[in-house]
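S.K.: Protein chains in written order, with my numbering: chain A, 5 to 152; chain B, 5 to 152; chain C, 5 to 152.
Incorrect hints may appear among the rest.
No copy labels: a pair is met if it fits in one copy or bridges any two.
Only pairs whose alpha carbons sit at most 20 Å apart, straight line, appear in this in silico DMTMM-like list of lysine to aspartate or glutamate [claimed, not checked]:
| id | residue 1 | residue 2 |
| --- | --- | --- |
| 1 | 69 | 90 |
| 2 | 69 | 83 |
| 3 | 19 | 68 |
| 4 | 19 | 77 |
| 5 | 19 | 87 |
| 6 | 19 | 72 |
Think of the hints as simulated: they come from the structure by calculation, not from any bench.
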Amino acid sequence: MCVHTATVAIATNGKGTYEITDEVAAAVSKSGVETGTVTVFVRHTSCSLIIMENADPTARRDLEKFFERLVPEDTPYFEHTAEGGDDSTSHIRSVITRSSEVIPIADGRMQLGTWQGIFLFEHRRAPHRRQIAISVMGEAIDTPLKIR
Amino acid sequence: MCVHTATVAIATNGKGTYEITDEVAAAVSKSGVETGTVTVFVRHTSCSLIIMENADPTARRDLEKFFERLVPEDTPYFEHTAEGGDDSTSHIRSVITRSSEVIPIADGRMQLGTWQGIFLFEHRRAPHRRQIAISVMGEAIDTPLKIR
Amino acid sequence: MCVHTATVAIATNGKGTYEITDEVAAAVSKSGVETGTVTVFVRHTSCSLIIMENADPTARRDLEKFFERLVPEDTPYFEHTAEGGDDSTSHIRSVITRSSEVIPIADGRMQLGTWQGIFLFEHRRAPHRRQIAISVMGEAIDTPLKIR
Chain A
5 MCVHTATVAI
15 ATNGKGTYEI
25 TDEVAAAVSK
35 SGVETGTVTV
45 FVRHTSCSLI
55 IMENADPTAR
65 RDLEKFFERL
75 VPEDTPYFEH
85 TAEGGDDSTS
95 HIRSVITRSS
105 EVIPIADGRM
115 QLGTWQGIFL
125 FEHRRAPHRR
135 QIAISVMGEA
145 IDTPLKIR
Chain B
5 MCVHTATVAI
15 ATNGKGTYEI
25 TDEVAAAVSK
35 SGVETGTVTV
45 FVRHTSCSLI
55 IMENADPTAR
65 RDLEKFFERL
75 VPEDTPYFEH
85 TAEGGDDSTS
95 HIRSVITRSS
105 EVIPIADGRM
115 QLGTWQGIFL
125 FEHRRAPHRR
135 QIAISVMGEA
145 IDTPLKIR
Chain C
5 MCVHTATVAI
15 ATNGKGTYEI
25 TDEVAAAVSK
35 SGVETGTVTV
45 FVRHTSCSLI
55 IMENADPTAR
65 RDLEKFFERL
75 VPEDTPYFEH
85 TAEGGDDSTS
95 HIRSVITRSS
105 EVIPIADGRM
115 QLGTWQGIFL
125 FEHRRAPHRR
135 QIAISVMGEA
145 IDTPLKIR
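Excised from the complex, chain A in its bound form:
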């Protein structure tokens, strides 16, 4: 058994979904873990994680439109707007999506389904540099001791 951690920085350029599947897959590959899990964690409260259809961009466009309507920027009762209309909305959109996601690893690969991608969901209008903490845990290929 072993554990590897990494931090990945993602540049965002306004609201929307940014695929990070390759970055997470690279951390899994580099770890040498064959069987285990990878934990993906976003270190912010104004962007979040989702696992989403990654083939047809209209699916993500509908999702983004839905969130604009579900948590609108001009909500009159919002108090937490010091950083703009996208301040409280960012936190609320994060809370109803995810901060952490854990994906099983088997045969050295994340067990994502055919159409699944991991995305950073940016809720801020301004460009940001976002940090994703990754932890890969499990049995490595060349582990000298098999405790299974």
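Could you slot chains B and C onto chain A? The hints should help.
M.R.: Same frame as chain A, now just chains B and C:
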């Protein structure tokens, strides 16, 4: 420390919640892990996971009705409807629930509360065969080396 | 590699957000794990977990107001109201937030961002004693065998 992975197939027959607690408990039991975690991951983007009250079926009925209203099939601005009115709605309902769920294991059992069940939440009208990836990690009963 | 589990009890006094970051950090610290993950799991279906901005209380106030409107207590079609108007609403609010959260550990510390706190989100009006199951897994400082 050891890790065991499994894939469970669940047949769904239209929209609704399908309890999978027993399937996950069986994987935990089979693994022999006494102390650790079990990761449950749904390999699709048009169904999802929830942990929900499993005693009174009216609780799940209210939940299902709520989701029909929160993300309605006839939403006029949805573009991603090639597979029907339940296409975009399925992805959005998945995003606001969960793809992965991690449950601590102690004394060889998942630490679910008295009324908690693990459910597959199917968002599609047509029957589907869904895959759940499971990863059980921790200390086995008969682990020859205690590294704690 | 090692794993440690703990259960933490949190007293709640009505609807709202209760920070539990210190309780989780204490479990991580006590475990001696330097590199790994901590899994936090709420053993109930009428309260949930969120990772939220923990500096300005107005952010949480907006969130709480948003949830009151998104899943209102007086929803006419709710059937599951035997325990009061906050019965079905509690389960639904739990489903659209989180039951489990997994946070990577590096250098002996949870990799939370600067403004992130872990909160128990209580959806019930009456006081409750809530149980949080915690599982810390990874490499300990003084692990005698390094399998990395």
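S.K.: The structure should be examined with respect to each hint, and the outcome stated for every one.
M.R.: Consistency of the hints with the structure:
1. 69 x 90: both (14 Å within a copy, 16 Å between copies)
2. 69 x 83: Classified as between: cross-chain Cα gap 10 Å, same-chain 23 Å, threshold 20 Å.
3. 19 x 68: within (8 Å within a copy, 23 Å between copies)
4. 19 x 77: within (12 Å within a copy, 25 Å between copies)
5. 19 x 87: within (15 Å within a copy, 27 Å between copies)
6. 19 x 72: within (10 Å within a copy, 26 Å between copies)
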